[in-house]
Each structure stands twice: as C-alpha cells, then as structure tokens.
Amino acid sequence: MKKIKIPLQQNPYDVLIGAGTLKSFQKELVKRKLDRIIFTVVDSNVQKHHKNLLTETLYANSDKKKSFLFRSGEKNKNFDNLQAILKKMLAVKIGRDGLVVALGGGIVGDVTGFAASTFMRGIKYVQIPTTLLAAVDSSVGGKTGINFYETKNIVGSFYQPDLVVVDIDFFKTLTSEEILCGIGELTKYAFITDKKFYKYIDNNLNNLFELQPTVVEKVIAESVKYKGSVVVSDEKESGVRKVLNFGHTFAHAFEVEQNYKIKHGQAVILGISCALHLSNKMKLINDKQLEEYCELIHKFKDKIKIKTYDKRKLYNIMLRDKKNRDGKIKFVLIKNIGEILLDVEAVKEDVFYALDKGLYEFTR
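FYI, in this note's numbering the residues of the sequence shown are 1 to 364.
By construction, these hints were calculated from the structure, which means they are not laboratory data.
Just so it is clear, the structure is predicted and the values come from calculations on it, not from any experiment.
One thing to keep in mind: the hints can contain errors.
Computed Cβ-Cβ distance ranges for the label pairs, DEER-style [to be verified]:
1) Arg96 - Thr308: 46 to 52 Å
2) Lys172 - Arg96: 23 to 29 Å
3) Asn324 - Lys64: 28 to 34 Å
4) His298 - Arg96: 48 to 54 Å
5) Lys196 - Leu69: 40 to 46 Å
6) Thr308 - Asp287: 25 to 31 Å
7) Leu319 - Gly95: 19 to 25 Å
8) Asp350 - Phe79: 34 to 40 Å
9) His298 - Glu150: 26 to 32 Å
10) His49 - Lys299: 24 to 30 Å
11) Val30 - Asn316: 48 to 54 Å
12) Ser176 - Glu292: 25 to 31 Å
For lysine-lysine, the following DSS-like pairs were computed, each having C-alpha atoms within a straight-line distance of at most 30 Å [said to hold, decoys possible]:
13) Lys3 - Lys33
14) Lys261 - Lys288
15) Lys75 - Lys27
16) Lys236 - Lys225
17) Lys236 - Lys330
18) Lys31 - Lys124
19) Lys323 - Lys195
20) Lys261 - Lys196
21) Lys236 - Lys322
22) Lys75 - Lys88
23) Lys23 - Lys51
24) Lys5 - Lys199
25) Lys311 - Lys288
26) Lys357 - Lys195
27) Lys299 - Lys195
28) Lys218 - Lys283
29) Lys288 - Lys357
30) Lys124 - Lys261
31) Lys323 - Lys124
32) Lys311 - Lys328
33) Lys281 - Lys303
34) Lys236 - Lys305
Where is the CB? At the ideal position from N, CA and C, for every residue including glycine.
Produce the entire structure from the sequences given, and follow the hints as far as they go.
Structure representation (structure tokens):
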C-alpha cells in the first residue's frame with residue numbers, strides 16, 4: 001500500500017492507495033480517531049457489483065440503515081439529490097460527531113462532499129473513490145459541488161476530506177469506457193507534470209487499459225502527489241491550481257453541449273486536443289510540438305467519437321466557466337510539457353478554429 005500525505009496547514013490528510021485497502025478501513029479510522037457513527041453515500045453500481053465486500057468491510061462496522069443509495073450520472077448531480085442526502089442524514093440522526101463516507105465515482109464524491117460541507121456547517125467525511133477517474137481527480141483536493149443551469153460544478157464549496165482510501169480492486173468491474181475516462185484524466189497529468197511522466201503514460205497506455213496493478217498504483221500515486229503539491233500551494237484555486245484545469249474549459253462545455261452523452265474523461269481528451277490547437281494558433285507551441293503532442297491524443301481517436309457539435313453553443317457555455325474574469329473566457333494553455341500558461345484570453349475566431357481542428361479526428 002502506498003501512502004501519500006496532503007500536507008495542508010489546516011487539514012492535512014492521507015491518501016491510501018493499493019489493492020484490498022478497504023479491508024483495513026476500520027483500522028485506519030481508529031488510527032485517525034475517525035471511528036464514529038458513519039453515514040454512507042454509496043453508488044448504486046458499486047452496491048450491485050461489490051455487495052459482499054461492502055458487507056464484510058464497511059457495513060460490518062456501521063448501520064446499513066444510515067446510508068443513501070445514489071444513482072450515478074451527471075444529470076443526478078443536482079439539488080434534488082443533495083437535498084435527499086441531507087434529509088436522510090437528518091432522519092437517521094447524524095450529528096456533528098458523525099462521519100460521512102462517499103463510496104463511488106466522482107459524482108458521488110462531489111455531491112457527498114458538498115453535503116458534508118453544509119450539514120450542520122460541516123462534518124468530517126472520507127472519500128473512497130471506486131473509479132480510476134475519481135482516484136486521480138475529484139477525491140483529492142477538496143472541490144465539492146453540483147451542476148446547475150447547464151453549468152458544471154457551478155454551485156459548491158472547497159471542503160477537504162479527512163481521509164482518502166483508494167482500493168484498486170474496485171476497478172475490476174469498471175467498463176472499458178470508465179477505464180478510458182480515468183486514462184483521459186491521467187493524460188492531462190502527462191502534459192502538466194513533466195516529460196518523464198508524459199513518457200511513462202505514453203508507453204503504458206495498454207497496461208493502463210488492462211489495469212496492470214503496479215502501473216495503476218504508480219500513476220495514481222504520482223498524480224495524487226502532483227495534485228497534492230498544487231493544492232497545498234493554492235487550495236482555493238486563485239492561482240497556480242488552475243493548472244489542473246488544462247483542457248477542462250473545452251471539456252466541461254463538451255459535456256453540457258453533448259447533453260452528457262460523453263463522459264468527463266472522454267471530454268478531457270477532446271478538450272486537451274482543442275487546447276493544443278489553440279496553443280499552436282496563438283504561437284505558444286510550434287507545429288513540431290503540436291504534431292508530437294497530438295500523437296498521444298490521437299491514440300484515443302477510435303475510442304471517442306462525436307457526430308456533430310455546435311461551436312456557438314460551446315462558446316456560450318464556456319462564457320459561464322468558473323475560471324472566467326470580467327466576462328472573458330480564461331483558457332489554460334501549454335508552452336511545453338510541464339510548462340502551462342494560465343488565464344490566457346483568445347478571440348472567438350481562434351477558439352472556433354481550435355474546436356474544428358481539435359475535434360477533426362474525433363468526428364471522422
């Protein structure tokens with residue numbers, strides 16, 4: 001088992017990564033003085049595929065009645081489900097001395113974290129991500145929230161978990177599409193971290209699709225370590241933390257414009273492709289760099305397809321992005337592997353150019 005510490009000044013916590021880590025969950029809670037009344041929000045798919053494991057571990061030390069079954073999906077990341085979770089927490093008498101556990105993918109983690117941050121003005125909570133995407137993305141860093149008014153994550157809070165437990169055994173029941181989503185987010189880390197990690201991801205794509213345990217553990221640990229260092233420097237995303245949004249301005253717009261028919265990790269691949277072409281159009285990277293970087297992105301072209309897209313609608317969606325300032329879209333672009341530029345403004349014509357060029361291989 002690997003242990004990565006997120007050394008925040010006010011609320012430091014550990015991220016435990018490995019196979020079978022859930023079996024030592026209760027011991028880890030006791031060690032951290034988190035053994036208390038547990039309220040669990042569990043993804044319905046996880047409940048279905050891992051019922052016996054949950055019975056032997058999580059439910060063995062908690063009252064199953066104190067739980068909420070969450071039906072995952074971006075369209076369920078809303079006020080209705082947030083309210084339903086809070087209502088159930090009140091009904092089963094969870095107090096400030098309780099512990100909320102989010103067991104599922106990123107959507108479950110985001111909504112549950114938001115519920116924990118607002119219930120009684122904040123109670124402790126633990127993230128147990130059950131997808132590769134959530135393990136390297138939403139479970140670490142303290143971003144919680146819901147979608148509202150055709151805008152992703154526009155309502156939420158920064159609220160750090162007290163522990164993150166990544167049990168890679170959960171990944172065995174992921175679909176190929178869900179594995180692809182995790183690899184999409186890992187590809188973002190390949191571009192923003194350094195050339196060594198970029199090459200490792202590029203050389204191990206097949207091992208990642210096959211969920212080779214040592215490779216999976218390594219890339220999760222490296223991604224979490226990098227994200228942790230960024231979050232410690234800028235917890236509330238006022239500056240350097242925006243680097244984690246490389247490709248995401250485009251990606252979030254794709255998800256909404258496509259009515260969530262493509263998943264987040266797939267949209268990130270498309271978003272990176274467009275960000276690369278916008279970076280090239282604005283002369284931040286040269287043609288040789290663009291060709292080299294697109295070689296990695298185009299390895300996904302047979303796995304991600306969209307039929308049509310509306311450039312004007314995409315642009316209008318991007319105008320509502322949280323990172324914007326003074327009513328202007330602020331892009332995260334690239335100058336080199338590991339050298340990312342923040343708050344870059346672009347004219348509409350260049351954005352349209354990047355959309356057409358970036359999506360070309362994925363619409364053929």
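These are the hints, each one checked on the structure:
The given range of 46 to 52 Å is respected by Arg96 and Thr308, whose C-beta atoms sit roughly 50 Å from each other. As the Cβ distance of Lys172 to Arg96 is approximately 37 Å, the hint placing it in 23 to 29 Å is violated. Taking the beta carbon of each, Asn324 and Lys64 are about 44 Å apart, not inside 28 to 34 Å as hinted. The beta-carbon spacing between His298 and Arg96, approximately 51 Å, falls within the hinted interval of 48 to 54 Å.
At about 42 Å, the beta-carbon gap between Lys196 and Leu69 stays in the expected band of 40 to 46 Å. Between Thr308 and Asp287, the C-beta spacing of about 28 Å keeps the proposed range 25 to 31 Å intact. Hint check: Leu319 to Gly95, Cβ distance near 42 Å, so the stated range 19 to 25 Å is violated. At roughly 36 Å, the beta-carbon separation of Asp350 and Phe79 lies within the given 34 to 40 Å, and the hint holds.
At roughly 30 Å, the beta carbons of His298 and Glu150 sit within the given window of 26 to 32 Å. Checked against the given bound of 24 to 30 Å, the beta carbons of His49 and Lys299, roughly 29 Å apart, stay inside it. A beta carbon spacing of about 51 Å between Val30 and Asn316 agrees with the range 48 to 54 Å that was offered as a hint. Distance hint check: the CB atoms of Ser176 and Glu292 are about 27 Å apart, consistent with the given range 25 to 31 Å.
With a C-alpha separation of about 18 Å, the suggested pairing of Lys3 with Lys33 holds against the 30 Å cut-off. At roughly 33 Å between alpha-carbon atoms, Lys261 and Lys288 are farther apart than 30 Å, so this suggested pair is violated. Proximity of Lys75 to Lys27 is assessed by CA-CA distance (about 36 Å); at most 30 Å being required, the pair is judged violated. Proposed proximity of Lys236 and Lys225 is supported: the alpha carbons are some 18 Å apart, at most 30 Å.
With a C-alpha separation of about 17 Å, the suggested pairing of Lys236 with Lys330 holds against the 30 Å cut-off. A threshold of 30 Å between alpha carbons decides the hint, and for Lys31 with Lys124 the separation of about 15 Å falls inside it, so the pair holds. Restraint check for Lys323 and Lys195: satisfied, since their Cα atoms lie roughly 27 Å apart, inside the 30 Å limit. Among the hinted pairs, Lys261 with Lys196 is inconsistent with the structure: their alpha-carbon atoms are about 34 Å apart, more than 30 Å.
At roughly 12 Å between alpha-carbon atoms, Lys236 and Lys322 fall within 30 Å of each other, so this suggested pair holds. Using a Cα cut-off of 30 Å, the hinted pair Lys75 and Lys88 holds, with the two alpha carbons roughly 20 Å apart. Between Lys23 and Lys51 the alpha-carbon distance is near 14 Å, which keeps this suggested pair within the 30 Å criterion. Distance hint between Lys5 and Lys199 is fulfilled; the C-alpha atoms sit about 25 Å from each other, no more than 30 Å.
Taking the CA atoms of Lys311 and Lys288, the gap is near 27 Å; set against the 30 Å cutoff, the hint holds. A threshold of 30 Å between alpha carbons decides the hint, and for Lys357 with Lys195 the separation of about 25 Å falls inside it, so the pair holds. The hinted pair formed by Lys299 and Lys195 meets the criterion: a straight-line CA distance of about 18 Å does not exceed 30 Å. Taken as a hint, the Lys218 and Lys283 pair is broken in the structure, with Cα atoms around 34 Å apart against an allowance of 30 Å.
Simply put, Lys288 and Lys357 have alpha-carbon atoms about 16 Å apart, close enough for the 30 Å limit, and the pair holds. Between the alpha carbons of Lys124 and Lys261 the distance comes to roughly 34 Å, so the proposed pair goes past 30 Å and is violated. The straight-line distance between the Cα atoms of Lys323 and Lys124 is roughly 28 Å, inside the 30 Å bound, and the hint therefore holds. For the hint pairing Lys311 with Lys328, the CA-to-CA distance comes to about 17 Å; that is within 30 Å, so the pair holds.
Proposed proximity of Lys281 and Lys303 is supported: the alpha carbons are some 26 Å apart, at most 30 Å. Between Lys236 and Lys305 the alpha-carbon distance is near 34 Å, which puts this suggested pair outside the 30 Å criterion.
In terms of the numbered hints stated before, the structure departs from hints 2, 3, 7, 14, 15, 20, 28, 30 and 34, listed from lowest to highest.
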